[in-house]
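One rule links them: number in our numbering = place in the sequence shown (from 1) + 1.
Don't take every hint at face value.
Label-pair distances were calculated between CB atoms; the ranges are [what the hints assert, rightly or not]: (1) GLU128 with TRP77: 50 to 60 Å; (2) ILE169 with GLY139: 16 to 26 Å; (3) ASP67 with PRO269: 20 to 30 Å; (4) GLN21 with ALA90: 19 to 29 Å; (5) GLN274 with GLY294: 32 to 42 Å; (6) LEU85 with GLY243: 47 to 57 Å; (7) GLU95 with ASP161: 46 to 56 Å; (8) PRO269 with LYS45: 30 to 40 Å.
Note that these hints are calculated values from the structure, not bench results.
The C-beta atom is built at its ideal place from N, Cα and C for all residues, glycine as well.
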Amino acid sequence: KIVGLEIQWDSINRKVNMLQQIGSNRGAGFRYKKNLKSIKRTIKPPEATVLYAYGKNGLSIADFNDGKEYLEDYSWYTSQGLTLTEAKAKFRKEYIWQDDRFILTQNLLDAAKKKLAELSQPIISYECSVLDLSSITGLSEDKFFIGDTVRVYDSELKIDVMTRILRIKRYPKEPWKNEVELSYIIPGLQDTEEQSISSDIAAAQPSMLFGTNNQQLTITTTQQYPISLSITNFSSTNAQIGLMIVGQASAALVLTVKFFHAGAQIGPTIQQQCQAGYNTIGVPFVLAQIQQGSAMLDVQMYTSTGTFTIAAQHLQFYVYATNLLGGVGTEAPRVNWEENIDVKVLQLNMVASAETQLPITIGNEEVIKLEQIATSAIVTLS
2 KIVGLEIQWD
12 SINRKVNMLQ
22 QIGSNRGAGF
32 RYKKNLKSIK
42 RTIKPPEATV
52 LYAYGKNGLS
62 IADFNDGKEY
72 LEDYSWYTSQ
82 GLTLTEAKAK
92 FRKEYIWQDD
102 RFILTQNLLD
112 AAKKKLAELS
122 QPIISYECSV
132 LDLSSITGLS
142 EDKFFIGDTV
152 RVYDSELKID
162 VMTRILRIKR
172 YPKEPWKNEV
182 ELSYIIPGLQ
192 DTEEQSISSD
202 IAAAQPSMLF
212 GTNNQQLTIT
222 TTQQYPISLS
232 ITNFSSTNAQ
242 IGLMIVGQAS
252 AALVLTVKFF
262 HAGAQIGPTI
272 QQQCQAGYNT
282 IGVPFVLAQI
292 QQGSAMLDVQ
302 MYTSTGTFTI
312 AAQHLQFYVY
322 ATNLLGGVGT
332 EAPRVNWEEN
342 IDVKVLQLNM
352 VASAETQLPI
362 TIGNEEVIKL
372 EQIATSAIVT
382 LS
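Using the sequences plus the hints, can you model the full thing?
Have a look at this one:
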């Protein structure tokens, strides 16, 4: 495991100390014509000015970086007098950086910025021949040790930087021969990157949500949702789903099991042929790329005929994934309803039809039948 600690050897007590940072800033410095006899500067040019950053499963920074999968930093070249256009034309150095420890886009972006801030700067080291004045003056500000932060100043070479001591070669009886190796380190980069990585590592640990039935269930031909899990995943993830059922069928039947995530069916539809009596069913499958957010994961069951009885705690349902929060839902916050309709065709009569281009005349004929009615009234018609 990478912990980012520095090692301090204690040969007298035969111990190795692991510290966040060894040394300190005691105010010591090396100045030409004072305690700096000679200095050699080595510069390694910037390793990258364009950084493509990727995390786990191809995670990129595009969503949080205006759609671009890369960052740019030409600050060192522009500080040397070049314009940004000239720097981009002459010193475009692409670097692809991938770290599967990152699963959160924001953390990846933050780390990528700091990674590029390091890669886009030159690596400068100094080898100095120095005079250990502390052996003469006895002053604490003239003392220096490995890991200390010191200032190096040379007006002739126009050097004025804060550096850390990497190596010391001491001559106890000839302190004027002491040699010091210094390296310029961008402050704060390592600590900040380690903090963001640590949060991602903690988040990346897989977890499991588990649920079971606390009372006996009787599954009939009507769709039921005997168990549900409430899931919140703070980043897209792949999940392993598992279901175990031990139950008693009243007769030979087919038990249908379906899975729903946020109201939409997912995974396979299980149709298990069950014999009368006890039956055991196990269903493992993988659900790929669950998008971030909160949703219910429901199990639907029904039989083709008869009943299927499941004793308490004989129905187990689990989800195993990273980036996962959630728990057993006491009840689903909505109703999933699926209606199955069986249609049986009893008789189908075919009626031949024909078309004609001629007008069709429809005539109505009314027939009025008058029955002879005996009456004494006289009816006059005019």
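Each hint tested on the structure:
Taking 50 to 60 Å as the suggested C-beta distance range, the pair GLU128 and TRP77 does not conform, at roughly 22 Å. As the Cβ distance of ILE169 to GLY139 is approximately 19 Å, the hint placing it in 16 to 26 Å holds. Between ASP67 and PRO269, the C-beta spacing of about 40 Å breaks the proposed range 20 to 30 Å. Here the CB-CB span from GLN21 to ALA90 is close to 42 Å, at odds with the stated 19 to 29 Å.
Against the hinted window of 32 to 42 Å, the Cβ-Cβ separation of GLN274 and GLY294 comes to about 37 Å, which satisfies the hint. At about 56 Å, the CB distance of LEU85 to GLY243 agrees with the hint of 47 to 57 Å. Evaluation of the 46 to 56 Å hint for GLU95 and ASP161 yields a failure: the beta carbon distance comes to about 32 Å. The hinted range of 30 to 40 Å is not satisfied by PRO269 and LYS45, whose Cβ atoms lie roughly 56 Å apart.
Against the hints set out earlier in the document, violations occur for numbers 1, 3, 4, 7 and 8.
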